[in-house]
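A.B. asks: Sequence:
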Amino acid sequence: MSTYNFKQIEEKWQKVWKESGQYKMDVKDTSKPKYYCLEMFPYPSGKIHMGHVRNYSIGDVIARFKKMEGYNVLHPMGWDSFGLPAENAAIKNNIHPHKWTMSNIDEMRDQLSMLGLSYDWDKEIATSTPEYYKWTQKIFLKFLEAGLAYKKNSYVNWCPSCETVLANEQVVQGECERCNSIVDKKELEQWYFKTTEFSEELLQDLDKLDEWPEKVKLMQKNWIGKSYGANVTFKVDDMDKEITVYTTRPDTIYGSTFMVLAPESKIARELVQGTEYEEVLDEFLKSLHAITEVERESTELEKEGRFIGRTVTNPLTGKKMPIWIANYVLADYGTGAVMGVPGHDERDEDFASKYELEIVPVIDEDDNMINSGEFDGMNKDKAFDSIVEKLEELGRGKKTTNYRLRDWLISRQRYWGCPIPIIYCDDCGIVPVPEENLPVLLPTDVKFTGKGESPLATSESFKECSCPKCGKPARREVDTIDTFIDSSWYFMRYIDSQNTEEAFDTDLVDHWLPVDQYIGGVEHAILHLLYSRWFTKAFNKLGWTKHTEPFKNLLTQGMVLMDGTKMSKSKGNIVSPMEIIKEYGADTARLFILFAAPPERDLDWSDKGVEGCFKFLNRVYRLLDELEYIAKSDIKLGELTKEDRDMRAKTHSTLKKVTDDLSSKFGLNTAIASLMELINDIYKYKEIDNRNDAVIKEALEAVVIILSPFAPHLGEELWEKIGKEGSVFDIAWPKYDEEALVLDEIEFVVQVNGKVRSKVLAPTGVTQEDMKNIALEDEKVKDFIGDKNIVKVIAIPGKLVNIVIK
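In terms of numbering that gives the first Met the number 0, the sequence shown opens at residue 0 and continues consecutively.
It cannot be assumed that every hint is accurate.
DSS-like cross-link-like pairs, simulated, lysine-lysine; straight-line CA separation at most 30 Å [said to hold, decoys possible]:
| no. | residue 1 | residue 2 |
| --- | --- | --- |
| 1 | K265 | K240 |
| 2 | K193 | K46 |
| 3 | K389 | K379 |
| 4 | K798 | K771 |
| 5 | K17 | K33 |
| 6 | K545 | K568 |
| 7 | K754 | K696 |
| 8 | K791 | K781 |
| 9 | K758 | K635 |
| 10 | K754 | K46 |
| 11 | K389 | K265 |
| 12 | K389 | K6 |
| 13 | K545 | K133 |
Keep in mind that the hints were calculated from the coordinates and are not lab data.
Computed from a predicted model, the values in this text were never measured in an experiment.
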């Protein structure tokens, strides 16, 4: 007998697949139904981890199965290759980010190929190549032309030591992660995408996503944050200015005793201009460096604020209200101003109590209005509309719908990102780079010091240019685009990745979208998935696609844990996929990662589990090796005994179960468990004296086909071993035989007072009455019941009998 030499088998079939172009597919082929299977593409760090193995193995099983079901399957892979890690590596190792990135891509591509993944590498993209970011730049220009991109001032994290802007993730407990200096806030002019343009569509269309996890849809719904309320206008005392506040509780306006502004807001700066409170504002802004926006919105935050020397008049009470700045108000939500109602808002109450501000309750325990003038005694829900009507009559308010979703700040002071295709001219202002001059290439003569503004600003050859309109000296934008933009449309570029005339062909994208199955971590539920939905709606508005949603089905796979903790370098609990492949083979690595837990749940790593899967593959190989002559034979079923029919029923019930699991349930682990049971039954059946070799032949073929999507190298090897020509993945997925599923006998459970006491056999088609009689005559059941009274007997056809006694 030969042995399972996984190394030789896997090298053999990877070479065959590559040389034969096994996974090349034609996106223009409409002779078969389409199926777009996609896993979220990785950042090319240089090493794949177990999370990658899980994500990509899940997708690979689905892609292979769908191909065998007769679909034209698009299953691409590429690289989210712009980003800060490459820039940090350039600073640390004195290596250009491009060289570092491409080296990592080469290494990771080899590693993914070792896993036997069925990618069509002709569709490969890398977002950091000019061939890709040329189109990212064109998209930016089209968004600008359509009013979906604009520029405005905003506050950013600024490290005074590094003299650079920091992303939120680079600020650790208020300090720069590079040099540990205290981070300040600095106002800069930044580019934005108008995500709020599609707030309502993004919210409403969640109802169309029937095949998305409810938790992801809920997270997006909360992020979009639709609310109903009113805009209320307050006049600033002793100034020709007004402040508009958005509130979801206009019924509490009589209880508003102070106003709170976001320290970063434009109105706050205007109110302190030329006064002693300018310094107060500046100092307070500095104190916010250690707090993220998420923390500022938390009810647990310690409330801090400063009075800025101004008051407004409450339009309904006529009382003067002091204006404060506070850390719990954000400039980008609503109008950046909040009317403080400490009697009915927890955060306002904390703030008022701390700074001894007036607290006036205006709604009693019965939800009726008090201390509210003409509205006293009215139910608060009725008062909501009545008070808004009064504000509208006074010209001081208007019923309003608001969203928590804010516009997307896309400017990044980085080198390793897509250059923003904008030129600044003293005479012409902001000038888009003409499309014929795209791409605006990243310069190579930059200095990576980690200090100063964007590294692009250090390149005179890049920065200095001529105005496309007037020809006078001008300067380029030195910020780059947020890398989330690269991943917001890459799934469309895969469809037409070699196109040099446009980002993609609209007809092709219309054919292939939406992605039929998208697979990735739940940590991307908000940013990436929401941005991708926004991009698809923006492209629809531009006429680039008829679709408004990018992903039909979404699977968010769980994490890979060790001893209940997520694998990470910092924790030192990393298991290298390459070490597992080296010791046990890629098929074993895949099988374990798919068998150990349902895809959507976290998976706890187990060395014993890996060894168990390796032993199982060896057991399958030995079985096929031993019975190879039967599998190759030309033998017919003939007359069948009860044992033969039982074995056939197991083969076809397994095929039915696996087909169902792979079709809709993502029961990859239960599909493998069914296969393991089938293998056990074949081992038992082959030892009986009067076995039917045709039944064994049928079972062995089913085993190879079922195994193949999970362990593709061994699947191909065994397919060849049993005398089949071509690839197992080019055959049609077999249909199970309904007649073979019909057994002569069924087994049903007998319960007494709800607890299992026996299992008995009965003829197929047995009636409920006969089931009851058979159960009552069972010796184990009779012994347990003894002389106790039988209250009733319940029979569920074909499944169980429950006997109630007392």
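A.B. asks: Taking the hints in turn, state whether each one holds.
C.D. replies: Tested hints:
no., hint, result
1, K265 - K240, "holds (12 Å)"
2, K193 - K46, "violated (36 Å)"
3, K389 - K379, "holds (15 Å)"
4, K798 - K771, "holds (12 Å)"
5, K17 - K33, "holds (23 Å)"
6, K545 - K568, "violated (44 Å)"
7, K754 - K696, "violated (41 Å)"
8, K791 - K781, "holds (15 Å)"
9, K758 - K635, "violated (35 Å)"
10, K754 - K46, "violated (52 Å)"
11, K389 - K265, "holds (29 Å)"
12, K389 - K6, "violated (80 Å)"
13, K545 - K133, "holds (23 Å)"
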